[in-house]
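Add chain B with the ligands to chain A, keeping to what the hints say.
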Amino acid sequence: MASTIIQFKNVTKQYGQDPVVLDNVSFEIEKGKFYTLLGPSGCGKTTILRLIAGFTEPTSGEIFFNGKKVNDIPANKRQVNTVFQDYALFPHLNVYENVAFGLRIKKMKKSEIDKKVKEALSFVNLNGYEDRDIQDMSGGQKQRVAIARAIVNEPEVILLDEPLSALDLKLRYQMQYELRELQRRLGITFIFVTHDQEEALAMSDEIFVINKGKIQQSGTPNDIYDEPINRFVADFIGESNIIQGTMIEDYVVEFAGKRFACVDKGMERNEPIEVVLRPEDLEITSPDQGLIQIKVISQLFRGVHYEILGVDEQGNEWMVHSTKKAQVGMEIGLRFEPEAIHVMRFNESEEEFDKRLESYTEDESDGK
Amino acid sequence: MENKTRTLYMIPYIGWIILFVVAPIALVVYYSFFDIHGNFTVGNYGKFFTPVYLKMAISSFWYAFLITIISLAAAYPTAYLLTKTKHKQLWLLLIIVPSWVNLLLKAYAFIGIFGAHGAANQFLDIIGIGTKQLLFTDFSFVFVSVYIFIPFMILPIFNALDNLNPSLLDATKDLGASKWTTFRRVILPLTLNGVKSGIQVVFIPSLSLFMLTRLIAGNRVITLGTAIEQHFLVTQDWGMGSTIAVFLIIAMFLIMALTGFRRRGA
Ligand SMILES: Nc1ncnc2c1ncn2[C@@H]1O[C@H](COP(=O)(O)OP(=O)(O)O)[C@@H](O)[C@H]1O
Ligand SMILES: [Mg+2]
Chain A
1 MASTIIQFKN VTKQYGQDPV VLDNVSFEIE KGKFYTLLGP SGCGKTTILR
51 LIAGFTEPTS GEIFFNGKKV NDIPANKRQV NTVFQDYALF PHLNVYENVA
101 FGLRIKKMKK SEIDKKVKEA LSFVNLNGYE DRDIQDMSGG QKQRVAIARA
151 IVNEPEVILL DEPLSALDLK LRYQMQYELR ELQRRLGITF IFVTHDQEEA
201 LAMSDEIFVI NKGKIQQSGT PNDIYDEPIN RFVADFIGES NIIQGTMIED
251 YVVEFAGKRF ACVDKGMERN EPIEVVLRPE DLEITSPDQG LIQIKVISQL
301 FRGVHYEILG VDEQGNEWMV HSTKKAQVGM EIGLRFEPEA IHVMRFNESE
351 EEFDKRLESY TEDESDGK
Chain B
1 MENKTRTLYM IPYIGWIILF VVAPIALVVY YSFFDIHGNF TVGNYGKFFT
51 PVYLKMAISS FWYAFLITII SLAAAYPTAY LLTKTKHKQL WLLLIIVPSW
101 VNLLLKAYAF IGIFGAHGAA NQFLDIIGIG TKQLLFTDFS FVFVSVYIFI
151 PFMILPIFNA LDNLNPSLLD ATKDLGASKW TTFRRVILPL TLNGVKSGIQ
201 VVFIPSLSLF MLTRLIAGNR VITLGTAIEQ HFLVTQDWGM GSTIAVFLII
251 AMFLIMALTG FRRRGA
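Chains as they are written, first to last, in the UniProt record's numbering: chain A, 1 to 368; chain B, 1 to 266.
Next comes chain A alone, as it looks inside the complex (with noise of 0.2 Å):
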C-alpha cells in the first residue's frame, strides 16, 4: 500500500574542495506521510531538498522519484513545489498572480485558473486577498500565499524549509496545526526542514534526525524520543540525562556507582555504554527511599513543572522534571522504573540498532 516515492541511494554532494555537505545518504520516502528533516543549522537540510527540487545535483550518487532515476531532470520538469525559507514570492505581482503563476505556465485555461487559485486560497483561508499586494501581507499571510501558490500545482511532493522560523510563537503554534491538518487534507507527501525539535516532534510521521551531513536516525518521533540512538540524538531530542555506564550482563546496568535492572540486551560483558534518563522519567523521593540520592543546586519554575538541577556522589548532573517543589541544598532520592532506562552503545550503526530493539519485542511477544 504504502508506496515508495523519493528514494536517495549513496547521495554524497560537496562544493569545490569543500568539506562533504552530505555523506552517502540514503533513504526512503512513503507516499502521502509528513516527513521532518530536523537538525542544527549548516547540517546539510536544504541541501537535500534543494537536491530533490532539482536546484542542485549529487556529487555522486542517485536520486529516484516514482522508481525513475531523476539526476538529471531540471527543476522545472519535477513533481514537487517548494515553500521557500524565504517565500520567495514575486514581489511584483499582487497574490492571485503568485498562486496562479504556475498554472499559467502549464497554459491552462482562464476559468480554470480562476477555479483553482480561488480554492488554494481558501484552503489556506486567504479568501478574498486576491488583489493585495505582497508587500501589504503580513508574515503569517506570505507564509499562507506561499503554502497555497505550491498546492495549487496539485505536486506529489511538497518541500517546506523552515517556514515556520520568522513566525512569533503564537502564530507558529497555529500554523503547526494548519500545516498538519492540510497534509491530511490533501494527502500529499510533505517533506518539512526545521532546526526545532518539538516542531518536528509535534507534526510529523516520521523523523530524520541529521547531523553533519549523515542521517543519525529515521523514526516516529515516540521511537527517536524514546529510544534515542546515540548522544546527539538523545541531547538535540528533548532534555535528558546522559549518564556514563557499564553493561554488566544482559537486563543488568551500571552507571553512578550502583547496578539496576534495565530491560536493555544484546551487548557484550561489561561493555562501556552511555545510558539516557529522561528527567520526566525521575521521580522525586526521601534519599532513603531513592535509587540515587542527589544535591539540589538549583531549581527553576516552569509553569507546569519545576526543572530540578542536582548532582550525585560521583559529580554526575541530573536534571528532574517534576511538579513536586524542592530545596536548593536539600538531599533527595531520584527513582525510575527500569523502563525509563534507555542504553546506547558507543558507534553503533542504525541497522544493528534497528536489530537490537526488535529483538527485545520479540521476546516480550514470546511472554518473556
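No lab work stands behind these hints, which were simulated from the structure alone.
Here the structure is a predicted model, which is why all the values come from computation and not from measurement.
Be aware that a few hints might be false.
[Said to hold, decoys possible] Pairs of lysine-lysine, DSSO-like flavour, derived with a Cα cap of 27 Å: (1) A:Lys106 / B:Lys179; (2) A:Lys116 / A:Lys31; (3) A:Lys33 / A:Lys68; (4) B:Lys84 / A:Lys77; (5) A:Lys116 / B:Lys179; (6) A:Lys142 / A:Lys106; (7) A:Lys142 / B:Lys179; (8) B:Lys179 / A:Lys69; (9) A:Lys33 / A:Lys258; (10) A:Lys110 / B:Lys179; (11) A:Lys355 / A:Lys31; (12) A:Lys355 / A:Lys33; (13) A:Lys9 / A:Lys31; (14) A:Lys68 / A:Lys118; (15) A:Lys355 / A:Lys212; (16) A:Lys109 / B:Lys179; (17) A:Lys33 / A:Lys77; (18) A:Lys107 / B:Lys179; (19) B:Lys106 / B:Lys132; (20) A:Lys142 / A:Lys170; (21) A:Lys118 / A:Lys142; (22) A:Lys77 / B:Lys132; (23) A:Lys325 / A:Lys258; (24) B:Lys179 / A:Lys68; (25) B:Lys84 / B:Lys179; (26) A:Lys68 / A:Lys110; (27) A:Lys69 / A:Lys109; (28) A:Lys9 / A:Lys77; (29) A:Lys77 / A:Lys110; (30) A:Lys115 / A:Lys69.
This is chain B with the ligands only, laid out in the frame that chain A set:
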C-alpha cells in the same frame, strides 16, 4: 524649535535650487520671448513648428532613440554576464573607468581610430574589405555615442540584476518555468526600474548632443543640440536658441514622467 532648525538647514539647499535650477530655466523661458532685435514676441514658438526645426527635432529624437536602443541591447546582456562573474565589482569598475575620461579626448581618439589611415581602416584592409569612409557617417556618430553612454546604461541595470533575490529564480523554476519564461515573467519586470533609469540617463543627454555631431559626424547629423549651439554662438539669435531649449526641457520632463516616478514593488 525643531522646525526652526529644519528650516535653517533647508536654506542652503533651497538657495542652491533657486540659483542653479529655477533661475536658469526661468531665464531660458524669458529669452525665448524675444526676437533677434530684442523685441518681445511669441513668433519663436511659431518658427519651431516650421519644417526646418521639426526635421531637426525628429532627427534628434531618432538618433537619441537609436543610441538608447543600441546601448540597452548591449548593456543588458553585459550587465547580466557581469553579475555572474567572480570578481564582478572589478569588472564593473573597468567598464566605468572610461566614463571618467573627458568627452572631447574620447572624441579625438575616435577621429584617430576611424580616420582614413586609422586602426579601423587598417583592419578592414587586412581582412580584405578595403578602406571605407568611416568618419563623418551616421554609423560613426551612433557608434561613438553608444560607446560614451553605455556605462551609464550598464550601471543601473547591473544594480537591479545584482539585487534580484536568487531564490525567486529557484521559485520560478520550481513552478515549471523555462529559462525564457523566467526572464520574461520575473527577471525583466523586476529589473525594469534599472532599465528605466538607464534609458533616462542615456536618452535625455543624447537628445542634445552637439560636439560629437561636428567632430564625429562632420555636421551631417544636425540635432536640436547643434541648433542651440549655432543660434547662441553663430547667428546670435538667443531667442530662437532659448525656444529650442524650452522644447528640450519639456521633452525631458515627458521622458522622466514616462520612465520614472511610478515605482512598483521597490
Ligand atoms: N552553494 C553553496 N556553495 C558552497 N557551500 C554551500 C552551498 N550551499 C550550502 N553550502 C554549505 O553546505 C552546508 C549545509 O548547508 P544547508 O544545507 O543550507 O544547511 P541547513 O539547511 O541544514 O542549515 C553549509 O555548511 C553550507 O555552508
Ligand atoms: Mg537551511
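The hints, checked one at a time:
1. At roughly 15 Å between alpha-carbon atoms, Lys106 (chain A) and Lys179 (chain B) fall within 27 Å of each other, so this suggested pair holds.
2. Taking the CA atoms of Lys116 (chain A) and Lys31 (chain A), the gap is about 23 Å. The hint holds against a cut of 27 Å.
3. For a cut-off of 27 Å, the pair hint linking Lys33 (chain A) to Lys68 (chain A) stands: about 20 Å separates their Cα positions.
4. Taking the CA atoms of Lys84 (chain B) and Lys77 (chain A), the gap is near 24 Å; set against the 27 Å cutoff, the hint holds.
5. Our distance criterion of 27 Å between C-alpha atoms is met by Lys116 (chain A) and Lys179 (chain B), whose separation comes to about 25 Å.
6. With a C-alpha separation of about 23 Å, the suggested pair Lys142 (chain A) and Lys106 (chain A) falls inside the 27 Å cut-off, and the hint holds.
7. With a C-alpha separation of about 25 Å, the suggested pairing of Lys142 (chain A) with Lys179 (chain B) holds against the 27 Å cut-off.
8. Simply put, Lys179 (chain B) and Lys69 (chain A) have alpha-carbon atoms about 23 Å apart, close enough for the 27 Å limit, and the pair holds.
9. Between Lys33 (chain A) and Lys258 (chain A) the alpha-carbon distance is near 44 Å, which puts this suggested pair outside the 27 Å criterion.
10. Of the pairs offered as hints, the one joining Lys110 (chain A) and Lys179 (chain B) holds, with about 23 Å between alpha carbons and a cut-off of 27 Å not exceeded.
11. Between Lys355 (chain A) and Lys31 (chain A) the alpha-carbon distance is near 25 Å, which keeps this suggested pair within the 27 Å criterion.
12. Taking the CA atoms of Lys355 (chain A) and Lys33 (chain A), the gap is near 24 Å; set against the 27 Å cutoff, the hint holds.
13. Only pairs whose Cα atoms come within 27 Å are accepted, and Lys9 (chain A) paired with Lys31 (chain A) is accepted, the gap being roughly 18 Å.
14. Among the hinted pairs, Lys68 (chain A) with Lys118 (chain A) is inconsistent with the structure: their alpha-carbon atoms are about 33 Å apart, more than 27 Å.
15. Taken as a hint, the Lys355 (chain A) and Lys212 (chain A) pair is honoured in the structure, with Cα atoms around 24 Å apart against an allowance of 27 Å.
16. Our distance criterion of 27 Å between C-alpha atoms is met by Lys109 (chain A) and Lys179 (chain B), whose separation comes to about 22 Å.
17. Between the alpha carbons of Lys33 (chain A) and Lys77 (chain A) the distance comes to roughly 23 Å, so the proposed pair stays at or under 27 Å and holds.
18. Among the hinted pairs, Lys107 (chain A) with Lys179 (chain B) is consistent with the structure: their alpha-carbon atoms are about 16 Å apart, no more than 27 Å.
19. This hinted pair checks out: Lys106 (chain B) and Lys132 (chain B) have alpha carbons roughly 21 Å apart, not beyond 27 Å.
20. Between Lys142 (chain A) and Lys170 (chain A), the direct Cα distance comes to roughly 16 Å. Compliance with the 27 Å bound is thereby established for this hinted pair.
21. Pair hint Lys118 (chain A) plus Lys142 (chain A) holds up; C-alpha atoms about 16 Å apart against a cutoff of 27 Å.
22. With a C-alpha separation of about 52 Å, the suggested pair Lys77 (chain A) and Lys132 (chain B) falls outside the 27 Å cut-off, and the hint is violated.
23. Distance restraint check for Lys325 (chain A) and Lys258 (chain A): the Cα-Cα separation of roughly 26 Å lies within the 27 Å cut-off, and the hinted pair is therefore satisfied.
24. With a CA separation close to 24 Å, the supplied pair Lys179 (chain B) and Lys68 (chain A) stays within the 27 Å bound.
25. A C-alpha spacing of about 16 Å is found between Lys84 (chain B) and Lys179 (chain B), which places the hinted pair at or below 27 Å, so the restraint holds.
26. For the suggested pair Lys68 (chain A) and Lys110 (chain A), the alpha carbons sit about 33 Å apart, so the restraint of at most 27 Å is broken.
27. Proposed proximity of Lys69 (chain A) and Lys109 (chain A) is contradicted: the alpha carbons are some 32 Å apart, above 27 Å.
28. About 21 Å separates the Cα atoms of Lys9 (chain A) and Lys77 (chain A), which keeps this hinted pair within 27 Å; it holds.
29. Between Lys77 (chain A) and Lys110 (chain A), the direct Cα distance comes to roughly 22 Å. Compliance with the 27 Å bound is thereby established for this hinted pair.
30. Taking the CA atoms of Lys115 (chain A) and Lys69 (chain A), the gap is near 34 Å; set against the 27 Å cutoff, the hint is violated.
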